[in-house]
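Fit chain B to the supplied structure of chain A, relying on the hints for placement.
There are 2 protein chains.
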Amino acid sequence: MSHAVENVPVPGTGTTPSQKRYLILAEEFSHDPHYAKTARGVMRYRREAVVAILDSKRAGETDDGVPIVGSVDEGLRLNPNTALVGIVTQGGHFPGDWQELLKTCVSKGLDLENGLHVRLHDIPGLPELAAQHGVDLRDLREPPSDLSTATGENLEVDATIVLTVGSDCAIGKMTATCELDLEARQRGLQSVFVPTGQTGIAIAGWGISVDAVVSDFLAGAAERLVVEGGKRGNLLWVEGQGAILHPIYSGVTVGLIHGSAPHLYVLCHEVGRTVVEGDPTGSPIVNLSELIDLHERMSLKLRPAKVACVALNTSGVSEQEAREAIGEAEEETGLPADDPVRFGAGKLLDAVLKVAP
Amino acid sequence: MSHAVENVPVPGTGTTPSQKRYLILAEEFSHDPHYAKTARGVMRYRREAVVAILDSKRAGETDDGVPIVGSVDEGLRLNPNTALVGIVTQGGHFPGDWQELLKTCVSKGLDLENGLHVRLHDIPGLPELAAQHGVDLRDLREPPSDLSTATGENLEVDATIVLTVGSDCAIGKMTATCELDLEARQRGLQSVFVPTGQTGIAIAGWGISVDAVVSDFLAGAAERLVVEGGKRGNLLWVEGQGAILHPIYSGVTVGLIHGSAPHLYVLCHEVGRTVVEGDPTGSPIVNLSELIDLHERMSLKLRPAKVACVALNTSGVSEQEAREAIGEAEEETGLPADDPVRFGAGKLLDAVLKVAP
Numbered sequence: 001m002s003h004a005v006e007n008v009p010v011p012g013t014g015t016t017p018s019q020k021r022y023l024i025l026a027e028e029f030s031h032d033p034h035y036a037k038t039a040r041g042v043m044r045y046r047r048e049a050v051v052a053i054l055d056s057k058r059a060g061e062t063d064d065g066v067p068i069v070g071s072v073d074e075g076l077r078l079n080p081n082t083a084l085v086g087i088v089t090q091g092g093h094f095p096g097d098w099q100e101l102l103k104t105c106v107s108k109g110l111d112l113e114n115g116l117h118v119r120l121h122d123i124p125g126l127p128e129l130a131a132q133h134g135v136d137l138r139d140l141r142e143p144p145s146d147l148s149t150a151t152g153e154n155l156e157v158d159a160t161i162v163l164t165v166g167s168d169c170a171i172g173k174m175t176a177t178c179e180l181d182l183e184a185r186q187r188g189l190q191s192v193f194v195p196t197g198q199t200g201i202a203i204a205g206w207g208i209s210v211d212a213v214v215s216d217f218l219a220g221a222a223e224r225l226v227v228e229g230g231k232r233g234n235l236l237w238v239e240g241q242g243a244i245l246h247p248i249y250s251g252v253t254v255g256l257i258h259g260s261a262p263h264l265y266v267l268c269h270e271v272g273r274t275v276v277e278g279d280p281t282g283s284p285i286v287n288l289s290e291l292i293d294l295h296e297r298m299s300l301k302l303r304p305a306k307v308a309c310v311a312l313n314t315s316g317v318s319e320q321e322a323r324e325a326i327g328e329a330e331e332e333t334g335l336p337a338d339d340p341v342r343f344g345a346g347k348l349l350d351a352v353l354k355v356a357p
Numbered sequence: 001m002s003h004a005v006e007n008v009p010v011p012g013t014g015t016t017p018s019q020k021r022y023l024i025l026a027e028e029f030s031h032d033p034h035y036a037k038t039a040r041g042v043m044r045y046r047r048e049a050v051v052a053i054l055d056s057k058r059a060g061e062t063d064d065g066v067p068i069v070g071s072v073d074e075g076l077r078l079n080p081n082t083a084l085v086g087i088v089t090q091g092g093h094f095p096g097d098w099q100e101l102l103k104t105c106v107s108k109g110l111d112l113e114n115g116l117h118v119r120l121h122d123i124p125g126l127p128e129l130a131a132q133h134g135v136d137l138r139d140l141r142e143p144p145s146d147l148s149t150a151t152g153e154n155l156e157v158d159a160t161i162v163l164t165v166g167s168d169c170a171i172g173k174m175t176a177t178c179e180l181d182l183e184a185r186q187r188g189l190q191s192v193f194v195p196t197g198q199t200g201i202a203i204a205g206w207g208i209s210v211d212a213v214v215s216d217f218l219a220g221a222a223e224r225l226v227v228e229g230g231k232r233g234n235l236l237w238v239e240g241q242g243a244i245l246h247p248i249y250s251g252v253t254v255g256l257i258h259g260s261a262p263h264l265y266v267l268c269h270e271v272g273r274t275v276v277e278g279d280p281t282g283s284p285i286v287n288l289s290e291l292i293d294l295h296e297r298m299s300l301k302l303r304p305a306k307v308a309c310v311a312l313n314t315s316g317v318s319e320q321e322a323r324e325a326i327g328e329a330e331e332e333t334g335l336p337a338d339d340p341v342r343f344g345a346g347k348l349l350d351a352v353l354k355v356a357p
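If you read the sequences in order, they're chains A and B. With our numbering, the residue at position 51 of the first sequence is 51, and numbering never jumps. With our numbering, the residue at position 6 of the second sequence is 6, and numbering never jumps.
Simulated from the structure, these hints should not be mistaken for lab results. Accuracy of the hints is not assured; some may be wrong.
With a Cα cut of at most 16 angstroms, we get these calculated EDC-like pairs of lysine to aspartate or glutamate [as the list claims (entries may be wrong)]:
1. Lys301(B) - Glu290(A)
2. Lys108(B) - Glu74(B)
3. Lys231(A) - Glu156(A)
4. Lys231(A) - Glu153(A)
5. Lys301(B) - Glu277(A)
6. Lys108(B) - Asp73(B)
7. Lys57(A) - Glu28(A)
8. Lys103(A) - Asp122(A)
9. Lys301(A) - Glu290(B)
10. Lys306(A) - Glu296(A)
11. Lys301(A) - Glu277(B)
12. Lys103(A) - Glu128(A)
The shape of chain A in the complex, shown without the other chains (with noise of 0.2 angstroms):
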């Protein structure tokens, strides 16, 4: 696997992401599936970047061969020079006790990283210790300030980008974005993971969160990612967030797809999902079918985009129901079509290299 796309400084700070040496702060939480998203993405797709993981309740065990500590104390002598928030919240507020452990890491020195819509910047009295002791506050939620309407530069990007797109929120988009990125590095290819949520930041050290973005500066911001994109690599994966018929985020995921001018889609969905999640009205979700002739013409004129392949989230079933699954949406889309996370990336990156320009 080659990381030297990747030695590019981060916007806005002085080091670049291979730099990195986390302590992911999962205090109470690292064993939860829920609850840890953050510190597991970042385990599974960022691993090499991990020195140790604060859980107290799990002091003295590994996860994956990294030392889970108990204290800050003891993860510092693994010398992280960040910790990362790990945890997702229901509403994006830290828990109880946090704001103390997040005052212990920057005392001792560390860089902060956070996702949740609570800012590092709106503790109080944390500001002030960050500038005593030296150290940056990173809140991956919070957009650039210097961001703009789209320009037309996404078209000029030297590279090929694809961007995941799908049936509805959280059905694997990110995941699937991961998977093929990782399958692609691992066969030596100049690939890079384009994050858009902020998750995705935390697993690749940049990234703007789209759905953060005043709608103005929408696509500018998704063409602002795919023209740094281009710096790091040749075949970029940009996380898609939404779904172009989702009630609530729509115009995020329309966005995205004007600004970020993929020249292929990868369309996800979850086998036995029917209606959309998280809507109250209970909208229902259309067919694949649907879904790729709909998002083909509502490409980009001067960049039309095609489905190149299917990546279905089979969790939810076994593994024959899996495979009936992808056989079916084969038939119905003439696409190929597979589970990333369960069978592995390499057919879907296969149909996406074929189709590549």
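Coordinates of chain B only, in the frame set by chain A:
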């Protein structure tokens, strides 16, 4: 014309739109069709709320019966309660001498309304002066601070919702919307113009500038507008923004489509325009039939919307060419078409009412 349905307090203020008595500030610009966009819009669609126009170069003249005055003091004799910034400038800044003009208005006890990007609240000394004189500063582009994601309440609004959409930005969507609303009010219908941009807000005295909203809350903002509109009447004309295939602003367009949950669309197009305006990439405009199909299929699954008619802006061609273009649009789409400014909005209103639920 009945304004009874407008006698609802403007959210965040104690006054109803019809209690406004505007002094329109158009100093040096009242004759300019481009810069005086807001002044002209208010004069055309909310004439009854205007008591005077300030433009010292034309002092002593009248405009549609409204006196043009040379100074704020002169305007005060006509008993205005609000000074409205009537101009739209490149970049959204105030012209040189305007800060003094605004301070004069405030110190004479007038509320201020402003739709420019630069906020009244950011003009040094102005908020303090306003507090001292007990007047309100209203920045019309500033979104409400309590927005959230869409909830599905848009599907519960007890009104017919009509959204203007189009082949591009700046082709007359707001004008078509206002003309249809005006025609409907003149017929005695409980019709409401629902503004989604700063000029529309200045015209109607309420609304949300949806392009200034954080992307996550785009549909939520549009939903709030139709819920509010439903309290004011039962035939809502929602001002569209951008275009579904606009490389820069499509996110706003689609968020508005899903958040406002229209029953019907009015499709707007400017005769002769073939390339997206303000897009550096020179993206071509697709034909009307394709736009109709895309808008209908991109509508909410629980609120399938149809295009009711085509509103053409024929301002760039002769009357003969306009009539030909209208005939061609009707032939291509199979729908009624007309230019509501040039030939009146009656035909298009009939088309909408004929298919309204």
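Practice prompt. Could you tell me which of the hints above the structure violates, numbers in ascending order?
Written response: Of the numbered hints given earlier, the structure breaks none, since each of them holds.
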